[in-house]
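Novice: This is what each chain is made of:
There are 2 protein chains.
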Amino acid sequence: MIGIEDVRAAAARLEGIAHRTPAVTSRTLDELAGAERVFLKAENLQRVGAFKFRGAYNAISLLPEAAGAQGVATVSSGNHAQAVALASQLLGTRATILMPHDAPAAKRAATEGYGAEVIGFDRYSVARDELLAELVAERGLTPIHPYDNEDVMAGQGTAALELLEQSGGLDVLLVPVGGGGLLAGCSTAAEGVRVVGVEPEAGDDFVRSLAAGERVRIPVPRTIADGQQIDIPGERTFPVVRERAAAVVTVTDEEIVAAMRWAFERVKLVLEPSGACALAALLAGRVDVAEQRVGVVLSGGNVSAERFAQLCG
Amino acid sequence: MIGIEDVRAAAARLEGIAHRTPAVTSRTLDELAGAERVFLKAENLQRVGAFKFRGAYNAISLLPEAAGAQGVATVSSGNHAQAVALASQLLGTRATILMPHDAPAAKRAATEGYGAEVIGFDRYSVARDELLAELVAERGLTPIHPYDNEDVMAGQGTAALELLEQSGGLDVLLVPVGGGGLLAGCSTAAEGVRVVGVEPEAGDDFVRSLAAGERVRIPVPRTIADGQQIDIPGERTFPVVRERAAAVVTVTDEEIVAAMRWAFERVKLVLEPSGACALAALLAGRVDVAEQRVGVVLSGGNVSAERFAQLCG
Chain A
3 MIGIEDVRAA AARLEGIAHR TPAVTSRTLD ELAGAERVFL KAENLQRVGA FKFRGAYNAI
63 SLLPEAAGAQ GVATVSSGNH AQAVALASQL LGTRATILMP HDAPAAKRAA TEGYGAEVIG
123 FDRYSVARDE LLAELVAERG LTPIHPYDNE DVMAGQGTAA LELLEQSGGL DVLLVPVGGG
183 GLLAGCSTAA EGVRVVGVEP EAGDDFVRSL AAGERVRIPV PRTIADGQQI DIPGERTFPV
243 VRERAAAVVT VTDEEIVAAM RWAFERVKLV LEPSGACALA ALLAGRVDVA EQRVGVVLSG
303 GNVSAERFAQ LCG
Chain B
3 MIGIEDVRAA AARLEGIAHR TPAVTSRTLD ELAGAERVFL KAENLQRVGA FKFRGAYNAI
63 SLLPEAAGAQ GVATVSSGNH AQAVALASQL LGTRATILMP HDAPAAKRAA TEGYGAEVIG
123 FDRYSVARDE LLAELVAERG LTPIHPYDNE DVMAGQGTAA LELLEQSGGL DVLLVPVGGG
183 GLLAGCSTAA EGVRVVGVEP EAGDDFVRSL AAGERVRIPV PRTIADGQQI DIPGERTFPV
243 VRERAAAVVT VTDEEIVAAM RWAFERVKLV LEPSGACALA ALLAGRVDVA EQRVGVVLSG
303 GNVSAERFAQ LCG
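Listed in order, the protein sequences are those of chains A and B.
If you read the first sequence in this note's numbering, its first letter stands for residue 3, the second for the next number, and so on.
If you read the second sequence in this note's numbering, its first letter stands for residue 3, the second for the next number, and so on.
Note that these hints are calculated values from the structure, not bench results.
Mixed in with the good hints, there may be bad ones.
Where chains are identical, the list cannot tell them apart; a pair therefore holds if satisfied intra-copy or between any two copies.
As the list claims (entries may be wrong) - List of simulated lysine to aspartate or glutamate pairs, EDC-like, C-alpha gap at most 20 Å: (1) Lys-109 to Glu-267; (2) Lys-109 to Glu-33; (3) Lys-109 to Asp-173; (4) Lys-109 to Glu-140.
None of the values given here were measured: they were computed from a predicted structure.
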């Protein structure tokens, strides 16, 4: 299991490469939440617009030279695709990304813009894991899993490490959870802090799995939080979360929209639905933060103006 | 006429009180603009969501004790109202704000939330300057003009001073211009830098006035950039701008909307129309920045999600 020293080593690798994103504060938010002070870790301002760059860069930088020379691959239509593409470009590795044919054109263009090769597939007729396995075997590539990879988890944890430094210490840290990479990394990094994961109500696989004491699979969740449409906790992330996170709570899509609107109007930050999930839990009073120093990871901001207008207009 | 030492003194007064807003960079933007490097000064992340806090705080902090004890007043339905209200609250002064009856309820509530007294008036039947003069005379208040005040100008200039430090030096600085307070302050602060003002095409009173060599009044401009609906340059700002700014250029409302959308999608920042004006000039190629180090002041982000959706959705 990864330890805090892995997160610290990842931080050293990311120094000067990942953005040290700001810790945004708002007296209005402190009062709304009833907290001593709230620190919003603005990972929407991270490179590629999401925390995913941290983990992807850390993992790819740790590949043996021969593997790096062969190239990496992943399946993603989201932020991890762009993260792997940019990290590969910076590290001189070739990235191949499997992306569903119906992924937004802007995401495909952005990924190709970082020099990655994008291969489309039909998400309804093909099993993505098998497709990736075939590609990897055929071309000798190294797969970079979006969360179930210890180097990825350690990289994501650097967001918490930075926020601890920027805030001068926290009592509670709220973190969005999809596959669990960010939560595993942050709960490892934030020793002695009550770390709480937040997932959409419809995608409560971590809540159910923690209650059951083992990984539980749910139907693929219907939620606006597309970064969290995952049906089962990661094999490697789950034990870390179970041991180190204090709890996982849920929020509704309506609460997520309210948090997106609040961030837009009050702190002038663009958040995608998954990126607003932890803030939604704070605003909805899902976690007791009375008189506490609270960190909240705003994990990403990749939403088009058009989609934002549909959701929040 | 104010000098750089006034801006430096203002910066010392604002230290630890105004936010030192981030200088955001984007390699995509550097390429789009053809610049060596672009630094976006994110004053939308300033207290009250706009640079206006700098000038209001500096001016109110410089009032003689007796004037401060009596209180201050201004006419504004915009960012200056909230800036005067918050600065007064922090400095222990009472603020009275004249605001049109049809100002957005959220702006009135925010201003009152900072402890100011808001007095409504009918913007179609009353001359606002006379109304303010009456109020000030009756109650013994000190008026804080939104731009035509040297202490306000010096305060606004601190945004440029900070950006010069954060960027390590600039060749060009693009600054939105309404009444000219921000441009006067920034062109004073940024000695040796080519400082260019940007105003909406419909509100080109500075362009015309500079061409005429004297202040020219235009019809009140129809533009989405509500922070720049000013019909004549300030009496005190105009000479400073004429002497120190290199030029003033214009952008269309469509170019402003495109810049708002770009900032939203690419750097995850919320900008109000006036706040996007200088960025619009850069994106539209209005200023030659080839191979240069460019600063752009993103002056404010006070736009509702609903209004953003109307404009950009």
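Novice: As a check of your reading, is Lys-109 near Glu-267 (CA-CA no more than 20 Å) within one copy, between copies, both or neither?
Specialist: between (26 Å within a copy, 12 Å between copies)
Novice: With identical chains treated as interchangeable, where does the CA-CA distance between Lys-109 and Glu-140 reach 20 Å or less: within a copy, between copies, both, or neither?
Specialist: Neither way: Lys-109 and Glu-140 sit 26 Å apart in one copy and 61 Å across, limit 20 Å.
Novice: First find the shortest C-alpha distance between Lys-109 and Glu-33 inside one copy, then the shortest across copies, and answer within, between, both or neither for a cut-off of 20 Å.
Specialist: between (37 Å within a copy, 19 Å between copies)
Novice: If the cut is 20 Å between Cα atoms, do Lys-109 and Asp-173 qualify within a copy, between copies, both or neither?
Specialist: neither (37 Å within a copy, 34 Å between copies)
When held up to the earlier numbered hints, the structure conflicts with 3 and 4 and fits the remainder.
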